[in-house]
Amino acid sequence: MTAEIFDRGYRRFEGERSGVPGAMRSLAWYTTKSMLGIGRRGRHKIFPVVVAVIAFLPTLIIFGVLALFGEGAEGLRPEYYEFLGPSETFGFLVFAHLLYATLVAPEALVRDRRDGMLSLYLSTPLTRPTYVMAKFASVAFTMAIVVIGPAMLLLAGYTIQGRGPDGFTGWVEVFAKILLGGLIIVFVYCGVSMGVSSLTDRRAFASIAVILTLLGLSIVANILVLEAGMNDRLLGLDPLGTPFEAATRLFGDRGIDARNLSTTYIMMVAGGWVSAGFGTLAVRYRRLGAI
Amino acid sequence: MQFGSQRALDSLDIEVPHGVTGLVGANGAGKTTLMSIALGLRTHSAGSIKVLGLDPHRDGARLRALVGYGPERNVLPEDMPASDFVKHFAEVRGMPRSEAKGRASDALWLVGLGEERFRALGTMSTGQRQRVKLAQAIAADPRLVLLDEPTDGLDPVQRDEMLLLIKQISAEYEIDVMLSSHLLEEVERVCDHIVALDAGTLVAQGELSALIGDTEMILVDLVEVDDQPDAIDGVERRLRAAGFDVRRDLNRISVTGADQRATLDAIRDSVAAEQARLRRIEVGRRTLEDLFTEVRR
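Same order as they appear, the protein sequences are chains A and B. Going by the working numbering, the residue at position 174 of the first sequence is 174; the numbering climbs one at a time, nothing skipped. Going by the working numbering, the residue at position 194 of the second sequence is 194; the numbering climbs one at a time, nothing skipped.
These are computed hints drawn from the structure, not numbers from a lab. Treat each hint with caution, since some may be false.
As the list claims (entries may be wrong) - Here are the computed lysine-lysine pairs in the DSSO-like style, where the Cα-Cα straight-line distance is at most 27 Å:
no.: 1; chain 1: A; residue 1: Lys45; chain 2: A; residue 2: Lys33
no.: 2; chain 1: B; residue 1: Lys167; chain 2: B; residue 2: Lys101
no.: 3; chain 1: A; residue 1: Lys45; chain 2: B; residue 2: Lys50
no.: 4; chain 1: B; residue 1: Lys167; chain 2: B; residue 2: Lys50
no.: 5; chain 1: B; residue 1: Lys101; chain 2: A; residue 2: Lys33
As the list claims (entries may be wrong) - Computed, partial: chain A to chain B, Cβ under 8 Å:
no.: 6; residue: Ala23
no.: 7; residue: Gly116
no.: 8; residue: Met117
no.: 9; residue: Ser119
no.: 10; residue: Leu122
no.: 11; residue: Asn222
no.: 12; residue: Leu224
None of these values were measured; they are calculated from a predicted model. For each residue, glycine too, the CB sits at the ideal point set by N, CA and C.
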């Protein structure tokens, strides 16, 4: 038996290069892994796991209770949209979104600037816009799992148990509403989180700034309207509740506090939050990263 | 190139041939700005630039797929293994995923980190990190590599190894290299060509051997002794009288003549006639430092 040393060595590459799409794909996948702590030390996995548990556990419990007690547990059956955000019954779900937007999502942008990776990325086929788009794709995809995932799981569970929407059209309609409502929430939270994170190189500062923007403004807006009796339109200043209200409207319902506001106004305000977040991100990254 | 009212680069007319080119100048001379423009990351306010036949501003993404870049900053993701880092950048620079892993491994072996490739970057020394930066710059088979201060923070032995690697990459794999440095001595050792900048303006460019090296000047170091107090003055006087261009700096006399052999003979005769004590005689050598000194005068 003879041993053979196989060493290809460094050599020229004659094949086809993957260009900008390949660069974006690679960056988005690397960012997703980094945010979820895949291939990193245990401490980087804590927040993603906590968020996933908070987001999915209620759905799994409801699903389990219905499976065990059948007709006797019908009273527990929530609406789909209640699993998308800060509803009255499942209000704690918003903590999953909040934790994700404040503790996980900022990692996508802040880490590259802190580690000097941004200038290295910009020395590749990536440009500032394509870099930001790849980052957004990664943050939006992972946030969609947390925001849309539980409601979709509920839909799947109901469908399997024979408690789902009536008929194929009805099922598709609910599916589309969950998807669209969830995407509104994802876009608003992503916009705010990425916009605010673009302002600092420190993850801790980014997390504090995001939580102040999302939760702080939400508290202020609710105090102004509900306690001080000011104009209901000021509820639009609440970046946490506004996208959920928009999702609720898609299902033909209205939140108690914002019941006097028109759906058009709610949608416009949600769009405003998205624009503000991504506008900040675009302005900030126009000036960053050159070597 | 301007930053507000500050002109960073002015009136540059540069042509860089194949091989290893040194971009030299003090900190703030405009080296990094020039690299940034060459990569299409900054826009020049006037003039034009072509890199590998492409306009960096218009064809930036296409150009950057063919260029590797090693940044000056030494901060890298601490918890990422070197192989993952190099593989990721090979992919971002256009390598298919199936190819990137193998190329990352090959590049790390080439820079001498084959056995260390699965170590986290945060556990590596400055020298190893510099090698990782070089590996990520070459993993995607670039036609040109831009290295910003590649020997920054290295000890003399590591610096020698890095310079050898750079030379090897250019000679064996025909990858053109442009490295920036403020250390003139290391540029003299490794580069075929230089572009010298000073405060944003071009000081010199061209083949290194034409810009530096042996000159017609002969340097004579004499010893001042009590029994012959006027000997050094006498040597100087005799050489001037013989028609040579003579410069005096304390006990050192620099003599320039048309024929080097005749100059050496005249020096020997003058020293013997004055009974001066000779410490050293050598052919003058022009260095990059001399080049900068002359320009500043």
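**Message:** If you test the structure against every hint from before, which numbers come out violated?
**Reply:** 3, 11 and 12
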